[in-house]
Amino acid sequence: NAGVTQTPKFRILKIGQSMTLQCTQDMNHNYMYWYRQDPGMGLKLIYYSVGAGITDKGEVPNGYNVSRSTTEDFPLRLELAAPSQTSVYFCASSSGGGARGNTIYFGEGSWLTVV
Amino acid sequence: GENVEQHPSTLSVQEGDSAVIKCTYSDSASNYFPWYKQELGKRPQLIIDIRSNVGEKKDQRIAVTLNKTAKHFSLHITETQPEDSAVYFCATTGGSQGNLIFGKGTKLSVKP
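One line per chain: the protein sequences are A and B, in this order.
Position 13 of the first sequence, counting from 1, maps to 13 under this note's numbering, and the rest follow consecutively.
Position 16 of the second sequence, counting from 1, maps to 16 under this note's numbering, and the rest follow consecutively.
It cannot be assumed that every hint is accurate.
From the structure, some residues in chain B lie toward chain A, with a derived Cβ separation under 8 Å [unchecked claim]: (1) TYR32; (2) ASP49; (3) GLY55; (4) LYS57; (5) LYS58; (6) GLY98; (7) ASN99; (8) LEU100.
Computed list of lysine-lysine pairs in BS3-like fashion (alpha-carbon distance at most 30 Å, straight line) [to be verified]: (9) B:LYS111 - A:LYS57; (10) B:LYS68 - A:LYS57; (11) B:LYS58 - A:LYS9; (12) A:LYS9 - B:LYS71; (13) B:LYS58 - A:LYS14; (14) B:LYS37 - B:LYS57; (15) A:LYS14 - B:LYS111; (16) B:LYS42 - A:LYS44; (17) B:LYS42 - B:LYS107; (18) B:LYS22 - B:LYS104; (19) A:LYS14 - A:LYS57; (20) B:LYS58 - B:LYS71; (21) B:LYS57 - B:LYS104; (22) B:LYS111 - B:LYS68; (23) A:LYS57 - B:LYS22; (24) B:LYS42 - A:LYS57; (25) B:LYS104 - A:LYS9; (26) A:LYS9 - A:LYS44; (27) B:LYS104 - A:LYS44; (28) A:LYS44 - B:LYS107; (29) B:LYS57 - B:LYS111; (30) A:LYS14 - B:LYS42; (31) A:LYS57 - B:LYS58; (32) A:LYS9 - B:LYS57.
Source of the hints: derived by calculation from the structure; they are not laboratory data.
We put the beta carbon where it would ideally sit given N, CA and C, even for glycine.
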């Protein structure tokens, strides 16, 4: 059972570089999310999507972009990487919104360092 | 917007003892309260959740209580074992889309 798969697992970026974190899920979930987790902190929502073609900002969207062309895929784009974007990134999905009590399933995480 | 405060940030207990983690929230409209466990280097995983029409829920050694009047909910782990050592996150729904807002986490260490 693949669930939520994200790549790469580890990446080192230089300041100003750009990259895309890939995320795909095979559970036919409508909702997908990108969170970042800084050391000693909780999970902060970057962007989310309630279905193909629909995306919206979360708590900390600056410096990121997303797209949702298919139900399965939800890539996160980092433009002009900055040291403040050093973090662990988690992609996640759920069948419905959190307010309805739908379980959110997380990917294994992507460790990103910007130097 | 919704704000979730979680305490304590670290908790150390002896194996067999109980552990309690508490969270408070600000939005009275919040109606779903999950708890996630994250082992070192792993992804967060749901361990138990409760909805606003229920005051308490148990699953073996884990229980969650909810006090909507006081706007707080707690995770109780009884007969702790070393494998319970992890970071635990509370969460609740907030914002216009009801997305989950997470607490900052509690690092639980269970000493053998």
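Pairwise hint evaluation, LYS57 (chain A) against LYS42 (chain B), where the allowed Cα distance is 30 Å at most: 25 Å, holds
Restraint status (C-alpha distance of LYS58 (chain B) to LYS9 (chain A) at most 30 Å): With a Cα-Cα distance of about 35 Å, the restraint between LYS58 (chain B) and LYS9 (chain A) is violated, given a limit of 30 Å.
Hint check: 8 Å Cβ-Cβ cutoff, GLY98 (chain B) to chain A: Since the shortest Cβ distance to chain A is 3 Å, the answer is holds.
LYS42 (chain B) paired with LYS107 (chain B) [C-alpha distance capped at 30 Å]: 14 Å, holds
Hint consistency between LYS104 (chain B) and LYS9 (chain A) [alpha-carbon to alpha-carbon, up to 30 Å]: Satisfied, since the Cα-Cα distance of roughly 23 Å is no more than 30 Å.
Hinted pair LYS57 (chain A) and LYS58 (chain B), Cα distance within 30 Å: 35 Å, violated
Pairwise hint evaluation, LYS104 (chain B) against LYS22 (chain B), where the allowed Cα distance is 30 Å at most: 12 Å, holds
Pair hint LYS9 (chain A) and LYS71 (chain B), alpha-carbon separation not exceeding 30 Å: 38 Å, violated
Supplied contact hint for LYS58 (chain B), tested at 8 Å Cβ to chain A: Since chain A brings no Cβ nearer than about 17 Å to LYS58 (chain B), farther than 8 Å, the hint is violated.
Restraint check, 8 Å cut-off on beta carbons, for LYS57 (chain B) near chain A: Hint violated; LYS57 (chain B) Cβ to chain A Cβ min 12 Å, cut 8 Å.
Holds or violated: LYS57 (chain B) to LYS104 (chain B), with C-alpha atoms at most 30 Å apart: 23 Å, holds
LYS42 (chain B) paired with LYS44 (chain A) [C-alpha distance capped at 30 Å]: Holds: LYS42 (chain B) and LYS44 (chain A) sit about 17 Å apart, inside 30 Å.
In the structure shown, a violation is registered for the earlier hints numbered 3, 4, 5, 9, 11, 12, 13, 15, 22, 31 and 32, in ascending order.
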